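**Student:** Chain residues, written in single-letter form:
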Amino acid sequence: MTTVKTGSALEKPAANEGPLWEVFIRSKSGLDHKHCGSLHAADPQMAIQLARDVYTRRQEGCSVWVVRSDHIVASDPGDKDMYFDPMEDKVYRHPTFYKLPSEVDHM
Amino acid sequence: MYTQSMDTGPKDERKAVRTVEEAELERRFDAKIDAGDFIEAKDWMPDHYRKTLLRQISQHAHSEIVGMLPEGNWITRAPTLKRKAILLAKVQDEGGHGLYLYAAAETLGTSRDQMIDALHAGKAKYSSIFNYPTLTWADIGTIGWLVDGAAIMNQVPICRCSYAPYARAMIRVCREESFHQRQGFDSLLVMMREGTPEQKAMVQDAVDRWWWPCLMMFGPPDDQSPNSAQGMRWGIKRVSNDTLRQKFVDATAEQAKVLGVTLPDPLLKWNAERGHHDFGPIDWSEFWRVVAGDGPCNRDRLATRVKAWDDGAWVREAALAHARKQATRQEAA
Numbered sequence: 851m852t853t854v855k856t857g858s859a860l861e862k863p864a865a866n867e868g869p870l871w872e873v874f875i876r877s878k879s880g881l882d883h884k885h886c887g888s889l890h891a892a893d894p895q896m897a898i899q900l901a902r903d904v905y906t907r908r909q910e911g912c913s914v915w916v917v918r919s920d921h922i923v924a925s926d927p928g929d930k931d932m933y934f935d936p937m938e939d940k941v942y943r944h945p946t947f948y949k950l951p952s953e954v955d956h957m
Numbered sequence: 565m566y567t568q569s570m571d572t573g574p575k576d577e578r579k580a581v582r583t584v585e586e587a588e589l590e591r592r593f594d595a596k597i598d599a600g601d602f603i604e605a606k607d608w609m610p611d612h613y614r615k616t617l618l619r620q621i622s623q624h625a626h627s628e629i630v631g632m633l634p635e636g637n638w639i640t641r642a643p644t645l646k647r648k649a650i651l652l653a654k655v656q657d658e659g660g661h662g663l664y665l666y667a668a669a670e671t672l673g674t675s676r677d678q679m680i681d682a683l684h685a686g687k688a689k690y691s692s693i694f695n696y697p698t699l700t701w702a703d704i705g706t707i708g709w710l711v712d713g714a715a716i717m718n719q720v721p722i723c724r725c726s727y728a729p730y731a732r733a734m735i736r737v738c739r740e741e742s743f744h745q746r747q748g749f750d751s752l753l754v755m756m757r758e759g760t761p762e763q764k765a766m767v768q769d770a771v772d773r774w775w776w777p778c779l780m781m782f783g784p785p786d787d788q789s790p791n792s793a794q795g796m797r798w799g800i801k802r803v804s805n806d807t808l809r810q811k812f813v814d815a816t817a818e819q820a821k822v823l824g825v826t827l828p829d830p831l832l833k834w835n836a837e838r839g840h841h842d843f844g845p846i847d848w849s850e851f852w853r854v855v856a857g858d859g860p861c862n863r864d865r866l867a868t869r870v871k872a873w874d875d876g877a878w879v880r881e882a883a884l885a886h887a888r889k890q891a892t893r894q895e896a897a
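So the protein sequences, as listed, match chains A and B. The first sequence begins at 851 in this note's numbering and counts up one residue at a time. The second sequence begins at 565 in this note's numbering and counts up one residue at a time.
Derived from the structure by calculation, the hints contain no laboratory data. Predicted, not measured: the structure shown is a model, and the values here were computed from it. Glycine is no exception: its CB is placed at the ideal position from the N, C-alpha and C atoms. Be aware that a few hints might be false.
Unchecked claim - Cut-off 30 Å, straight-line C-alpha distance, at most; resulting in silico cross-link-like pairs (DSSO-like, lysine-lysine): (1) B/Lys-606 x A/Lys-940; (2) A/Lys-930 x B/Lys-596; (3) B/Lys-596 x A/Lys-884; (4) B/Lys-606 x A/Lys-930; (5) B/Lys-596 x B/Lys-615.
To be verified - Sample of chain B residues facing chain A (criterion: CB under 8 Å; computed from the structure): (6) Leu-652; (7) Gln-656; (8) Asp-657; (9) Tyr-664; (10) Ser-675; (11) Arg-676; (12) Asp-677; (13) Gln-794; (14) Gly-857; (15) Arg-880; (16) Ala-883; (17) Leu-884; (18) His-886.
All chains, please: the whole structure from these sequences, using the hints.
**Tutor:** Below, the structure written as C-alpha cells:
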C-alpha cells in the first residue's frame, strides 16, 4: 500500500498563489464536517476567512475547518480494488446475514 | 454562469503506438466511463482527456471572472439600494464560481498562476458574451434573464460530467445560478409592468442587443463541431449544442410573452409539427470574430483584468511575507 498526497497535483506552491488548503464545512450543529472544496491562502487565518466568503454565502455552515492540502495523506486509487474489496465476501458483517424467527426479527 | 460550448479541445494527439500497459489502463478507463463511473483527480486518465478538460474548465473559470466586469460596471449606478445589494451578491457569486472552477482545474495538474497568466497573455479564451457592452440598466436584468438562462441550460448537464471534481463544482454553481436568472427577470418585469414608456423601450433595446449573442453561447452548430463526439464518448459533454440551443429558445419564447417583449427574430415561430420553435439563422461570422478577439469590448475586458491583477500584486506579496514572518517567529519560539 502506497500513499499519495491529495489536493493539487502540484507538491510545491508556485511563487505567488500561496499554499492550497482543503475546506471542510459543518452544515449544522450535530452533523460532521464535510469536504467542500479548496482554495489558496497565505496563512491559516486568511484561509478561514476566504473559506467563509467562498463556501458559506448562503448559510451553508456553522463551522469551518481548513487543512493544508499537503498535510493530507490519502490512499492510492490504484490500490482501491485490493484495499477495499475483502469486505464483499464478509457478508456475516451485515445484520441482514442473520435470518431470525419472525417473532424477534425486528431485533 | 458561463461556459461556452466552443469546440476548442486540443487536436487529437493520441499516440499511435502505446505500451501494453497503457492500452490496459485505457481499456479500464473506458470501461469506467461506460459504466457511468466518475473519474477522480488521482485516477489514471488519457492525456487527451486531461487536456480537453483542463481547457474547458479553465475557460469556464476565466468566463466567470471576466463575467464580473460587465455587471460590476453597474454596481455604483444601480437604481435602488435593493437592486445594488442584489447585484453585489450576484457579482460576488460569479467570483466564487470562478474560484470553484479554478480549484477543479488545478486538480488536473496546472497551477492557478499558470492559468491566470494564460488568460492575461490572451492565450486562454473566455465566453464571447462578455465582450459585449452593458450600455443601460436594462442590460443588467437582461444578462440575468438571457445570459444566465443560457448558461444554466449549458451547465446543468455538466453536473453529470465524468470528471468528478468538475461535476462537484458545477453542482455548487448551478445551485446558486437560479437566483441569478430570477433576479434578472424580476428586474425587467418591474420595468415592463410599472415603468415609463422610456424604461419599457430600454428593456426592449437591451433584449434586441443580447438575444443573438446569447444564442451563440451554445457554440457552433453540431455539424461544425467535429470534436463533440469524443466529448460525448468521454462523458464530458452530455447534450449537443443545437439541442441545448433549441431548449433555450423554447423556454425563452414563452418567458418573453410574460415579460411583454419581442425577441428580435422575425422567423421565430412555434412549429407544431416539430413541437419546437423555429428560429432564424445565426450570424456565425460575428461569433468567430468576437472569439478571435475583435468584439466590441475584448481589449477593454482584458486590460481591466490585467490592471486589477497588477494593482493587487502588493496585497498578495504582503500576505505571503506576513505568513513567512509568522512562520519564522513560531519556529524561533
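**Student:** Now look at each hint and say whether the structure bears it out.
**Tutor:** Status of each hint after checking the structure:
As the CA atoms of B/Lys-606 and A/Lys-940 are separated by approximately 28 Å, the hinted pair is consistent with the 30 Å bound. Of the supplied pair hints, the one linking A/Lys-930 and B/Lys-596 holds, its CA atoms being roughly 14 Å apart against a limit of 30 Å. Taking the CA atoms of B/Lys-596 and A/Lys-884, the gap is about 26 Å. The hint holds against a cut of 30 Å. Between B/Lys-606 and A/Lys-930 the alpha-carbon distance is near 12 Å, which keeps this suggested pair within the 30 Å criterion.
A hinted pair counts as satisfied when its Cα atoms are at most 30 Å apart, and B/Lys-596 with B/Lys-615 qualifies at roughly 19 Å. With a least beta-carbon distance of about 11 Å to chain A, the hint placing B/Leu-652 at the interface is violated under the 8 Å criterion. Among the interface hints, the one on B/Gln-656 holds; its C-beta lies about 7 Å from the nearest C-beta in chain A, closer than the 8 Å criterion. With 8 Å as the threshold, the beta carbon of B/Asp-657 comes within range of chain A, its nearest partner Cβ sitting at about 7 Å, so the hint holds.
Taking 8 Å as the C-beta contact cut-off toward chain A, the hint placing B/Tyr-664 at the interface holds, the least distance being around 6 Å. About 5 Å separates the beta-carbon of B/Ser-675 from the nearest beta-carbon of chain A, less than 8 Å, and the hint is met. Proximity of B/Arg-676 to chain A holds as hinted, the smallest CB-CB distance being about 5 Å (cut-off 8 Å). Because the smallest distance between the Cβ of B/Asp-677 and any Cβ of chain A comes to about 5 Å, under 8 Å, the interface hint for this residue holds.
Interface restraint check: B/Gln-794 against chain A, minimum CB-CB distance 23 Å, threshold 8 Å, status violated. Interface hint at B/Gly-857: violated, since its Cβ lies 26 Å from the closest Cβ of chain A, which is beyond the 8 Å cut-off. Because the beta carbon of B/Arg-880 sits about 6 Å from the nearest beta carbon in chain A, less than 8 Å, this interface hint is met. Satisfaction of the interface hint for B/Ala-883 is found here, the shortest Cβ-Cβ separation to chain A being roughly 4 Å, below the 8 Å cut-off.
For the restraint placing B/Leu-884 at the interface with chain A, the shortest Cβ-Cβ distance is roughly 5 Å, inside the 8 Å limit, so the hint holds. The interface hint given for B/His-886 is met, as the beta carbon of that residue sits about 7 Å from the closest beta carbon of chain A, less than 8 Å.
Going through the hint list in order, the structure does not satisfy hints 6, 13 and 14.
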